[in-house]
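Enquirer: Take a look at the letters that make up each chain.
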Amino acid sequence: MLAMQTQTLTQRLANPSNFMALSARLLPWCWGLATALLAVGLYLAFFGSPPDYQQGQTVKIMYIHVPAAWLSMLVYALIAVSSFGFLVFRHPLADVSAKAAAPTGATFTFLALATGSLWGKPMWGAFWVWDPRLTSVLILFILYLGLIALRSSIEDEALASKLTAVLSLVGIAILPVIKFSVEWNSLHQPASVMRLGAPTIHPSLLWPLLVMALAMTMLFLAMQLKAMRNEILRRRLKTLRRVAAESAAGLSQQPAH
Amino acid sequence: MDLGPHATYIWSAYAVVGVTLLALIAWLFLDGRRQQRLIEEIEARGRARKRS
Amino acid sequence: MSAFWQLLRRDLLIAWKEGGNIGVALGFYLVVIVLLPLGLGPDLNLITRIAPGTLWIALLLSALLSLGRLFEADFEDGSLEVLATGTLPLEAVVAAKALAHWLSTALPLIAVAPALGLLLNLPPEAYGVLVATMLAGTPAVSFLGAIGAALTVRTRRGGLLIGLLLLPLFVPTLIFGIASIGAALTGTDSFWPSFLILIAISLAAMALAPLAAAGALRLQLQ
Chain A
1 MLAMQTQTLT
11 QRLANPSNFM
21 ALSARLLPWC
31 WGLATALLAV
41 GLYLAFFGSP
51 PDYQQGQTVK
61 IMYIHVPAAW
71 LSMLVYALIA
81 VSSFGFLVFR
91 HPLADVSAKA
101 AAPTGATFTF
111 LALATGSLWG
121 KPMWGAFWVW
131 DPRLTSVLIL
141 FILYLGLIAL
151 RSSIEDEALA
161 SKLTAVLSLV
171 GIAILPVIKF
181 SVEWNSLHQP
191 ASVMRLGAPT
201 IHPSLLWPLL
211 VMALAMTMLF
221 LAMQLKAMRN
231 EILRRRLKTL
241 RRVAAESAAG
251 LSQQPAH
Chain B
258 MDLGPHATYI
268 WSAYAVVGVT
278 LLALIAWLFL
288 DGRRQQRLIE
298 EIEARGRARK
308 RS
Chain C
310 MSAFWQLLRR
320 DLLIAWKEGG
330 NIGVALGFYL
340 VVIVLLPLGL
350 GPDLNLITRI
360 APGTLWIALL
370 LSALLSLGRL
380 FEADFEDGSL
390 EVLATGTLPL
400 EAVVAAKALA
410 HWLSTALPLI
420 AVAPALGLLL
430 NLPPEAYGVL
440 VATMLAGTPA
450 VSFLGAIGAA
460 LTVRTRRGGL
470 LIGLLLLPLF
480 VPTLIFGIAS
490 IGAALTGTDS
500 FWPSFLILIA
510 ISLAAMALAP
520 LAAAGALRLQ
530 LQ
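Protein chains in written order, with this note's numbering: chain A, 1 to 257; chain B, 258 to 309; chain C, 310 to 531.
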């Protein structure tokens with residue numbers, strides 16, 4: 001009698017079919033929750049929060065800028081963790097996760113930059129002032145672009161996965177150094193320091209911010225699951241095409257009888 | 258509601274975020290459907306070949 | 310240990326014989342420096358203010374040009390595989406090559422930097438600290454550059470991709486290099502903190518970058 005081996009959660013999830021089944025069940029809930037949180041957050045942002053003492057109504061941009069910036073860093077951390085899991089434990093879905101997260105993370109980073117400059121223009125009179133936090137986000141954006149560019153430059157998908165994983169680990173290691181150096185740069189320059197700081201968080205400003213942050217995170221989770229599903233389908237398609245081509249070649253090589 | 262003198266910036270910021278996220282979500286759904294359709298096509302061809 | 314020095318000597322000899330490469334890097338350095346005042350207009354005060362930054366950035370770009378080829382020749386003719394399976398650990402191979410790059414490319418660029426500083430009206434007090442920061446910071450450029458070179462050794466378009474990958478890695482070195490020069494010129498007491506951090510980054514790069522680069526190379530030599 002065969003003994004049934006109990007599998008750990010990650011082992012069970014490592015099976016792409018299991019992942020597809022599980023994510024199919026989770027996704028509607030994720031989309032729904034994200035929409036609900038977004039609705040609550042937007043209501044709070046526009047109808048539940050007063051203008052800021054210093055920044056007036058433009059503080060409302062903070063409710064989308066700060067969550068986008070948080071997510072840009074969170075997603076990069078996710079990519080780094082996935083890459084580590086892929087290189088060290090060879091977890092099959094880890095690479096799918098890293099590949100799926102990069103374009104989404106880059107998008108959130110871009111949104112952080114766009115909303116940051118739209119926030120900066122009324123505040124400081126210029127769309128870009130090399131504020132240290134925005135500068136770090138800009139460099140993070142370049143790191144994302146590097147990941148995407150490197151992966152697409154290598155035809156061998158397995159090799160591309162591994163090299164991209166190495167790059168993301170190098171990136172996460174250098175990121176604190178970059179942030180430190182950018183902060184240093186702004187502190188020690190003789191020019192006046194302009195900081196796109198969040199105002200001292202009053203409770204009426206805090207709740208919309210937290211709800212929007214949660215909403216965006218849930219939205220990212222839904223997008224990540226969907227993107228991972230797409231990637232699994234893409235790989236399945238590739239395998240099917242290869243098998244079909246091989247069997248067609250095999251048929252054409254059969255000796256005539 | 259009165260969003261003050263910088264209302265344009267506020268609307269623009271929310272619009273950029275909204276449009277971009279909707280576009281990304283749309284792409285994810287369309288891409289998924291396309292992959293699914295292509296897979297079904299190949300599987301159908303495989304079944305047809307087996308029958309013949 | 311002697312294998313390390315042999316490899317270093319061999320790479321230096323190759324670089325010496327193919328003098329063309331360093332010539333291109335020096336020429337590029339000159340071109341960028343010349344373009345700057347032409348593009349900005351002859352406002353001497355402005356050019357003086359940006360001279361240290363420009364000299365640093367142009368040096369980074371020139372070094373970037375040659376980094377792409379760090380492993381290319383050996384990868385293509387198979388000698389990299391031989392080196393990888395030899396007595397010297399691949400990390401040491403990477404370190405030797407990065408050091409050779411520093412000696413053969415970075416040092417000549419640093420040597421001409423003061424002369425180019427003349428073109429940019431660099432203040433006289435800045436010459437010493439400019440060279441000092443470049444000497445302290447360029448090891449990071451060569452060693453971090455090896456990571457970029459290892460990741461792009463196969464791609465034909467490696468030239469542009471390596472720039473995209475390495476730019477973020479060079480930011481800390483650039484910032485602390487410029488900060489050191491600025492602090493020395495304005496006489497604030499933040500020179501030594503910046504300069505020491507600059508050195509620390511180079512040392513850390515020399516220690517850690519070979520690990521990442523060797524890892525990337527191993528994945529491609531299997």
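Derived by calculation from the structure, the hints in this document are not laboratory data.
Hints may contain errors.
Simulated pairs of lysine to any residue, SDA-like, Cα-Cα distance not exceeding 20 Å [as the list claims (entries may be wrong)]:
no. : chain 1 : residue 1 : chain 2 : residue 2
1   : B       : K307      : A       : K179
2   : A       : K121      : B       : T265
3   : A       : K238      : A       : L138
4   : A       : K238      : B       : D288
5   : B       : K307      : A       : G48
6   : A       : K238      : B       : R294
7   : A       : K179      : A       : V129
8   : A       : K238      : B       : E300
9   : A       : K179      : C       : L476
10  : A       : K121      : B       : Q293
11  : A       : K238      : A       : V88
12  : B       : K307      : A       : R242
13  : A       : K121      : B       : R294
14  : B       : K307      : A       : F180
15  : A       : K179      : C       : P502
16  : A       : K238      : B       : L295
17  : B       : K307      : A       : V129
18  : A       : K179      : C       : N354
19  : A       : K238      : B       : T265
20  : B       : K307      : B       : L295
21  : A       : K238      : B       : Q293
22  : A       : K179      : C       : A513
23  : A       : K121      : B       : L279
24  : B       : K307      : A       : S17
25  : A       : K238      : B       : W268
26  : A       : K238      : B       : R290
27  : A       : K238      : B       : I299
28  : B       : K307      : A       : V243
29  : A       : K179      : C       : I359
30  : A       : K238      : B       : S269
31  : A       : K121      : B       : A264
32  : A       : K238      : B       : V273
33  : A       : K179      : A       : L138
34  : A       : K238      : B       : R302
35  : A       : K238      : A       : E155
Just so you have them, the derived chain C footprint on chain A, three or more residues with Cβ under 8 Å [as the list claims (entries may be wrong)]:
no. : stretch
36  : 14-24
37  : 111-125
38  : 221-234
Here a beta-carbon is modelled for each residue, glycine too, at the ideal position from N, C-alpha and C.
Enquirer: Could you run down the list of hints and mark each one as holding or not?
Expert: Each hint, compared with the structure:
1. B/K307 with A/K179: 60 Å, violated
2. A/K121 with B/T265: 11 Å, holds
3. A/K238 with A/L138: With a Cα-Cα distance of about 35 Å, the restraint between A/K238 and A/L138 is violated, given a limit of 20 Å.
4. A/K238 with B/D288: Holds, at about 15 Å.
5. B/K307 with A/G48: Cα-Cα ~64 Å, so violated.
6. A/K238 with B/R294: 13 Å, holds
7. A/K179 with A/V129: Holds: A/K179 and A/V129 sit about 16 Å apart, inside 20 Å.
8. A/K238 with B/E300: Distance ~12 Å between A/K238 and B/E300 Cα, so the pair holds.
9. A/K179 with C/L476: Holds - the C-alpha atoms of C/L476 and A/K179 are around 14 Å apart, at most 20 Å.
10. A/K121 with B/Q293: 45 Å, violated
11. A/K238 with A/V88: Answer violated: A/K238 to A/V88 is near 25 Å, above 20 Å.
12. B/K307 with A/R242: With Cα atoms ~17 Å apart, B/K307 and A/R242 stay inside 20 Å; holds.
13. A/K121 with B/R294: Roughly 46 Å between the alpha carbons, so the hint for A/K121 and B/R294 is violated.
14. B/K307 with A/F180: 63 Å, violated
15. A/K179 with C/P502: 17 Å, holds
16. A/K238 with B/L295: 10 Å, holds
17. B/K307 with A/V129: Violated, because 65 Å separates the two Cα atoms, which is more than 20 Å.
18. A/K179 with C/N354: This hinted pair is violated, its Cα atoms lying about 31 Å apart.
19. A/K238 with B/T265: The hint is violated at about 47 Å.
20. B/K307 with B/L295: 19 Å, holds
21. A/K238 with B/Q293: Since the Cα atoms of A/K238 and B/Q293 sit roughly 12 Å apart, the hinted pair holds (cutoff 20 Å).
22. A/K179 with C/A513: OK: A/K179 and C/A513 at ~17 Å, within 20 Å.
23. A/K121 with B/L279: 25 Å, violated
24. B/K307 with A/S17: It is violated: about 25 Å lies between the C-alpha atoms, which goes past 20 Å.
25. A/K238 with B/W268: Judged against 20 Å, a Cα distance of about 43 Å means the pair is violated.
26. A/K238 with B/R290: At roughly 16 Å apart (the allowed maximum being 20 Å), B/R290 and A/K238 satisfy the hint.
27. A/K238 with B/I299: 10 Å, holds
28. B/K307 with A/V243: It holds: about 14 Å lies between the C-alpha atoms, which stays within 20 Å.
29. A/K179 with C/I359: 23 Å, violated
30. A/K238 with B/S269: The given pair, whose Cα atoms are some 41 Å apart, is violated under the 20 Å limit.
31. A/K121 with B/A264: 12 Å, holds
32. A/K238 with B/V273: Violated: A/K238 and B/V273 sit about 35 Å apart, past 20 Å.
33. A/K179 with A/L138: Given that 20 Å is the threshold and the Cα spacing comes to 11 Å, the pair holds.
34. A/K238 with B/R302: Holds, at roughly 15 Å.
35. A/K238 with A/E155: 13 Å, holds
36. 14-24: Coverage by chain C is violated for the stretch 14-24 of chain A (0 residues, Cβ < 8 Å).
37. 111-125: violated (count 0)
38. 221-234: Per the Cβ count (0), the hint is violated.
Figure legend: structure checked against the earlier numbered hints; hints not met, in rising order: 1, 3, 5, 10, 11, 13, 14, 17, 18, 19, 23, 24, 25, 29, 30, 32, 36, 37, 38.
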